[in-house]
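Chains as they are written, first to last, in the working numbering: chain A, 144 to 415; chain B, 10 to 431.
Hints may contain errors.
For the chain B half of the interface with chain A, some residues (derived, Cβ under 8 Å), not all of them [said to hold, decoys possible]: (1) D84; (2) K88; (3) A95; (4) D97; (5) S264; (6) G265; (7) T285.
Hints listed in this document are in silico derivations from the structure and should not be mistaken for laboratory results.
Idealized CB from N, CA, C, for every residue including glycine.
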Amino acid sequence: MKAARGLSSTLVLWLLGIVYLFPVLWFVLSSFKPGSELFSLPLTILPETWTTSGYSTAWSRFDFQRYFFNTSVVAVVTTALTVIVSAMTGYAFAKYRAWWLRAFFVCILATTMLPTEVIMPSSFVVVRDLGLYDSLPGIIVPSIITATGIFMFRQYFSTVPDELMEAARIDGVGEITLFVRIMLPLAKPICVVLAIFSMQWRWNDYIWPLLVLRDPNRYTLQVALRSIVGADNIDWPVLLSASVISLLPMVLLFLVFQRQIMDVDINSGLKD
Amino acid sequence: MASPRTSVRGIRAVALALAFGLLAACGSGAASPDEPLQFFLSGDANQGGGFAAMAAQYQQETGVRIQIVDLANADLPTKLKNAAQANDLPALARVGGVDPVWRDATMDLRGILDGSGIRSELAAIDDTGKVLSLPTDVTAVGLFINKSLFDRAGVAYPTGPTDAWTWDEFVSKVKEVQARTGTTYGMVMDRSSHRLKAFLYEFGSDYFQADDSGAFRTNANTRTAFEYFKGLNDDSFMPRSVWLSQADPNAMFKSGDVVAYYSGSWQIADFAKNITDFQWASVRLPQQTTRATNYGNAASAVVFQGTGQEDAAYAFLQWLYRPENYRKLAETSGFLPAVDGLEITHATHADAFALYDEEIAQSAPIVKEIKRRDLAYEVAGVATEGDPVRDETVRYLNGELSVDELLTGINGQLTEQLGRLP
Numbered sequence: 144m145k146a147a148r149g150l151s152s153t154l155v156l157w158l159l160g161i162v163y164l165f166p167v168l169w170f171v172l173s174s175f176k177p178g179s180e181l182f183s184l185p186l187t188i189l190p191e192t193w194t195t196s197g198y199s200t201a202w203s204r205f206d207f208q209r210y211f212f213n214t215s216v217v218a219v220v221t222t223a224l225t226v227i228v229s230a231m232t233g234y235a236f237a238k239y240r241a242w243w244l245r246a247f248f249v250c251i252l253a254t255t256m257l258p259t260e261v262i263m264p265s266s267f268v269v270v271r272d273l274g275l276y277d278s279l280p281g282i283i284v285p286s287i288i289t290a291t292g293i294f295m296f297r298q299y300f301s302t303v304p305d306e307l308m309e310a311a312r313i314d315g316v317g318e319i320t321l322f323v324r325i326m327l328p329l330a331k332p333i334c335v336v337l338a339i340f341s342m343q344w345r346w347n348d349y350i351w352p353l354l355v356l357r358d359p360n361r362y363t364l365q366v367a368l369r370s371i372v373g374a375d376n377i378d379w380p381v382l383l384s385a386s387v388i389s390l391l392p393m394v395l396l397f398l399v400f401q402r403q404i405m406d407v408d409i410n411s412g413l414k415d
Numbered sequence: 010m011a012s013p014r015t016s017v018r019g020i021r022a023v024a025l026a027l028a029f030g031l032l033a034a035c036g037s038g039a040a041s042p043d044e045p046l047q048f049f050l051s052g053d054a055n056q057g058g059g060f061a062a063m064a065a066q067y068q069q070e071t072g073v074r075i076q077i078v079d080l081a082n083a084d085l086p087t088k089l090k091n092a093a094q095a096n097d098l099p100a101l102a103r104v105g106g107v108d109p110v111w112r113d114a115t116m117d118l119r120g121i122l123d124g125s126g127i128r129s130e131l132a133a134i135d136d137t138g139k140v141l142s143l144p145t146d147v148t149a150v151g152l153f154i155n156k157s158l159f160d161r162a163g164v165a166y167p168t169g170p171t172d173a174w175t176w177d178e179f180v181s182k183v184k185e186v187q188a189r190t191g192t193t194y195g196m197v198m199d200r201s202s203h204r205l206k207a208f209l210y211e212f213g214s215d216y217f218q219a220d221d222s223g224a225f226r227t228n229a230n231t232r233t234a235f236e237y238f239k240g241l242n243d244d245s246f247m248p249r250s251v252w253l254s255q256a257d258p259n260a261m262f263k264s265g266d267v268v269a270y271y272s273g274s275w276q277i278a279d280f281a282k283n284i285t286d287f288q289w290a291s292v293r294l295p296q297q298t299t300r301a302t303n304y305g306n307a308a309s310a311v312v313f314q315g316t317g318q319e320d321a322a323y324a325f326l327q328w329l330y331r332p333e334n335y336r337k338l339a340e341t342s343g344f345l346p347a348v349d350g351l352e353i354t355h356a357t358h359a360d361a362f363a364l365y366d367e368e369i370a371q372s373a374p375i376v377k378e379i380k381r382r383d384l385a386y387e388v389a390g391v392a393t394e395g396d397p398v399r400d401e402t403v404r405y406l407n408g409e410l411s412v413d414e415l416l417t418g419i420n421g422q423l424t425e426q427l428g429r430l431p
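Make a model of the complete structure from these sequences and hints.
Next up, the structure:
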């Protein structure tokens with residue numbers, strides 16, 4: 144009975160896995176089809192004629208190295224700053240008591256009420272007046288503060304007992320050392336999760352880099368890739384191949400950090 | 010010797026310094042006159058890279074570098090608006106229409122237009138005579154058929170200038186092909202008021218026009234055309250999914266399971282490359298009472314003032330519109346020319362391009378008149394919110410509106426949003 148139940152849930156999970164895998168598989172395999180085969184009936188999973196012409200066109204048409212570099216700079220720098228800033232802010236919200244901190248926290252939360260698109264015109268004016276237009280900092284700086292990240296850290300640090308801090312203070316540890324050497328290592332799982340999220344967000348960012356960057360040499364990958372979508376036509380083979388190429392770094396990142404992503408055990412380092 | 014603690018701190022400090030150093034290093038510089046001229050456009054690489062090729066040739070001849078910035082079509086207007094806001098417009102751009110945000114920043118292109126063969130009725134000219142934009146190329150609505158299906162069914166289709174179908178004939182022939190070949194759909198038409206316009210003209214409609222008081226009205230034929238159109242959208246002749254839920258008609262036609270595709274000249278290059286399973290052909294548009302296609306500038310060139318590069322950009326555009334250069338551009342990109350009196354030799358499907366030229370030349374005067382009105386509103390900076398004609402038609406096809414409500418709805422919205430002809 145128990146074995147049967149185990150088997151059926153395994154089966155369900157396998158089915159779910161296949162449902163998720165299927166579109167990805169079709170997408171990747173389609174990138175190896177010639178344009179004439181993409182829409183011909185009956186639809187086939189495997190290409191009849193395998194071709195890499197989409198890849199070679201995409202590779203020669205786009206300066207992938209440059210775009211990868213730009214996107215990596217933006218994603219890595221923003222992620223590092225986001226994690227540091229969110230951890231410090233979240234820690235302050237969780238562990239220090241002041242009326243203005245609470246008010247400030249509400250303000251931060253309120254930013255989640257407005258979609259990015261709504262505040263875009265005003266953000267644009269601010270960035271322009273700061274002289275950050277057409278520069279990578281122009282897309283890095285506005286993305287550092289995320290309410291989600293701050294909220295994640297605040298919630299996590301609230302679960303850390305105050306006794307831990309008091310013990311450290313009694314031992315003569317200063318506030319900054321307390322944060323850097325005791326609290327931050329405790330929050331490592333949150334750091335990793337936020338880092339992964341942030342990398343993903345920044346990697347896929349489109350509209351903001353499009354507005355702020357003028358020089359094509361500073362373009363990020365997504366801005367460059369979307370130019371394939373024309374007015375009335377889409378060059379599907381190139382679009383599919385270029386998308387597959389642009390996915391690879393994210394997939395690599397996942398493979399490297401697989402353990403941390405799957406194993407978000409936020410109870411580490413604490414005794415009950 | 011450094012303790013482990015200080016070395017950790019050292020590494021952190023270096024990392025932070027690096028991060029900020031990188032930030033500082035990525036700072037921007039202002040445009041200087043010897044920088045390349047930026048040319049914002051959309052879809053050049055998809056269309057054979059004509060502009061890129063001309064830019065390369067121009068650099069060879071004059072040493073002036075034109076940097077082609079290919080952007081997604083849907084985002085080009087947003088990008089230009091923001092660039093105007095940041096006081097950082099490119100030297101020139103190829104745009105879908107003149108935007109009120111930057112219309113005053115454009116340079117007068119009168120000197121290029123005068124004495125050239127550029128179709129002046131497609132240029133945006135304001136009431137002072139200033140030429141805001143020039144057409145770079147023309148597109149026109151046209152009909153594609155799956156020739157293989159027609160051949161298999163043994164049904165003939167028009168090949169000469171005299172045997173064009175009426176819509177009734179077209180529909181019955183296509184239904185014949187559908188029945189004999191077991192094809193799922195008879196026709197698909199892009200979900201666009203641009204295509205719908207041509208359809209309406211072919212039924213003798215004079216579209217929607219403002220009278221002297223600014224109230225929009227239309228003639229009785231428009232009503233007939235809409236009713237006919239709704240009859241076609243029956244999920245057997247035309248799939249309802251294209252207009253109601255944005256299914257991709259281009260992909261459906263390419264699948265080979267649709268007999269005809271009511272679209273336009275821009276598909277030729279795509280079909281030539283991406284259809285190999287069957288043969289297709291361009292045929293004359295069906296004409297119920299009137300012969301008409303809907304044509305217009307696919308896009309227009311503008312030069313921006315205040316960039317410090319306006320004179321260089323103007324010179325480039327002047328060079329581009331010289332007959333020998335423009336011919337090369339049109340041939341490379343597969344454009345229908347926006348310049349009259351040029352012999353363009355298209356490498357492939359020359360017959361299809363010739364057919365479009367003929368359709369444009371033979372189109373009823375109403376096409377030009379509506380185009381003139383559209384341009385007048387555009388130059389005056391008056392635009393509609395979305396596309397009332399398309400959106401109301403979708404509601405009509407969905408059974409939300411009666412044909413009377415549809416016509417009153419469109420007339421009402423256009424009256425409110427556009428008003429009197431400027």
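Outcome of the hint check:
| no. | hint | in the structure |
| --- | --- | --- |
| 1 | D84 | holds, 6 Å |
| 2 | K88 | holds, 6 Å |
| 3 | A95 | holds, 5 Å |
| 4 | D97 | holds, 6 Å |
| 5 | S264 | holds, 5 Å |
| 6 | G265 | holds, 6 Å |
| 7 | T285 | holds, 4 Å |
In this structure, none of the earlier numbered hints is contradicted; all agree with it.
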